[in-house]
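With the hints as constraints, model all of the structure from the sequences given.
Residue numbers (the numbering used here), protein chains in the order written: chain S, 1 to 122; chain D, 1 to 287.
Among these hints, one or two may not hold up.
Quick list of in silico lysine-lysine cross-link-like pairs, DSS-like style, CA-CA up to 30 Å [unchecked claim]: (1) S:Lys120 - D:Lys171; (2) D:Lys54 - S:Lys86; (3) S:Lys86 - D:Lys101; (4) S:Lys2 - D:Lys194; (5) D:Lys86 - S:Lys2; (6) S:Lys106 - D:Lys101; (7) S:Lys106 - D:Lys195; (8) S:Lys10 - D:Lys178; (9) D:Lys195 - D:Lys151; (10) S:Lys65 - D:Lys171; (11) S:Lys10 - S:Lys102; (12) D:Lys149 - S:Lys106; (13) D:Lys128 - D:Lys101; (14) D:Lys151 - S:Lys106.
Hints listed in this document are in silico derivations from the structure and should not be mistaken for laboratory results.
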Amino acid sequence: MKILVTDDSKSVHGFIEAMFAETEHTLLHAYDGQQAIDTVAGEQNIDVILLDWEMPNVTGVEALKKLRDGGSEIPIVMVTSKNNVKDISEALTFGADEYIMKPFTKDILFEKLEMVLERKVA
Amino acid sequence: MEDLNGPILKFFADLIFKEIGIVYNEMTFYQLESRLESVVAHFELDSMETLHHKVAKLRDQKITKYILDVATNNETSFFRDAKVFKTLIREVIKPLAAEGKSVRIWSAACSTGQEPYSLAMELLTLQKKQKDFDFSIVATDYSQRALDKAKSGIYTQLEVQRGLGSANLVKYFNQKPKVDDRPGTLWEVNDELKKHISFSHFNLLEAWSITGSFDIILCRNVLIYQSLEKRYEILKNMHRYLKDDSYLVLGCAESISNLSDCYESTQFEEARFFRKLATQTKRVSNL
Ligand SMILES: C[S@@+](CC[C@H](N)C(=O)[O-])C[C@H]1O[C@@H](n2cnc3c(N)ncnc32)[C@H](O)[C@@H]1O
Ligand SMILES: [Mg+2]
Chain S
1 MKILVTDDSK SVHGFIEAMF AETEHTLLHA YDGQQAIDTV AGEQNIDVIL
51 LDWEMPNVTG VEALKKLRDG GSEIPIVMVT SKNNVKDISE ALTFGADEYI
101 MKPFTKDILF EKLEMVLERK VA
Chain D
1 MEDLNGPILK FFADLIFKEI GIVYNEMTFY QLESRLESVV AHFELDSMET
51 LHHKVAKLRD QKITKYILDV ATNNETSFFR DAKVFKTLIR EVIKPLAAEG
101 KSVRIWSAAC STGQEPYSLA MELLTLQKKQ KDFDFSIVAT DYSQRALDKA
151 KSGIYTQLEV QRGLGSANLV KYFNQKPKVD DRPGTLWEVN DELKKHISFS
201 HFNLLEAWSI TGSFDIILCR NVLIYQSLEK RYEILKNMHR YLKDDSYLVL
251 GCAESISNLS DCYESTQFEE ARFFRKLATQ TKRVSNL
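Here it is, written out as structure tokens:
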């Protein structure tokens, strides 16, 4: 599986990388919304995008909107410390498939990934 | 090295087995020991010996109840083994709903409530599509601590992310205002879900006071902690509470032991349930 991790915090990248250490999956890294959009434009076969909300330049939810407006159907999981019911609803409305509130555990991340990938197959 | 608490642990293990059927043996005594230590701390006692004295000699009911409660393992999550829920809806509940039947379900070891609430979410979704469909869920457990939480319907941010999709979270939960420095907030199940579930205390090994019969009984991840004899006893009792041809749902690693004359294992695409076979009398009349 090819997963694009988007977060402006280096430590989050490290944290997620550690969760995937024992797996065969490939991680791609982006540090703001624009980099995520560029990566999607330049890379084939990304299976899922993890998207932080608060980032410089282009925020996660802006990137989400742009990706969906551009017709991308890649499953997107928001991974953010914004944990308000309003924020979650907003992200879902703009086309996020799942939403993870920080802090999260490996179990939560893996279960959410399974959820979005399974829905895609179904 | 000989464990100084050996005989005390054996005493409590026997008590727990007798009352609620949960097996602790030499392999799991260390777990029992740490649980008992939490009881000692909870009641501010000075030692394990004092705890033993209070229960064995003074027959302190409050402490005994508490010990039995902490002896239970309440691990659970929303939509645990999601395929089980999908299959239940598709293969069992939808056909009943299509016949215009209402559905009565028993979650027989509901722990902190995630299992019955998950079911209720699926059933409400079905009800939205089919207005005349109705359902009720009876949810029971031995652990009072687990039940209190189940009834409150309040879960932490971590708990509402285990197995629960975000769409269901915003649809069926209300966010509680932030009260302390802990990350995140608490979430409470909404009344629409709560009103379909009645929670009550129930020991699977005591006289069965449940009334009526069920279209589905879930008894998941509780028999694994029981001895073979107790499993047999519980499954045999459940049989009486199932309507003919209805289903018993066990945990993924659990089976019907040697009760193949009561239940028939039925393998669906993504899950396996146990169909109640008609009772003996019926079979005799078929001769
Ligand atoms: C691991 S939980 C399972 C929860 C849920 N069914 C699931 O599969 O996620 C096991 C539950 O069984 C309950 N239990 C154990 N012995 C019991 C007994 N004799 N009568 C009723 N409940 C019992 C425990 O209190 C605990 O909440
Ligand atoms: Mg950020």
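### Message
Could you work out which of the previously given hints the structure breaks and list their numbers from low to high?
### Response
As far as the earlier hints go, 2, 3, 4, 6 and 7 are violated by this structure, in ascending order.
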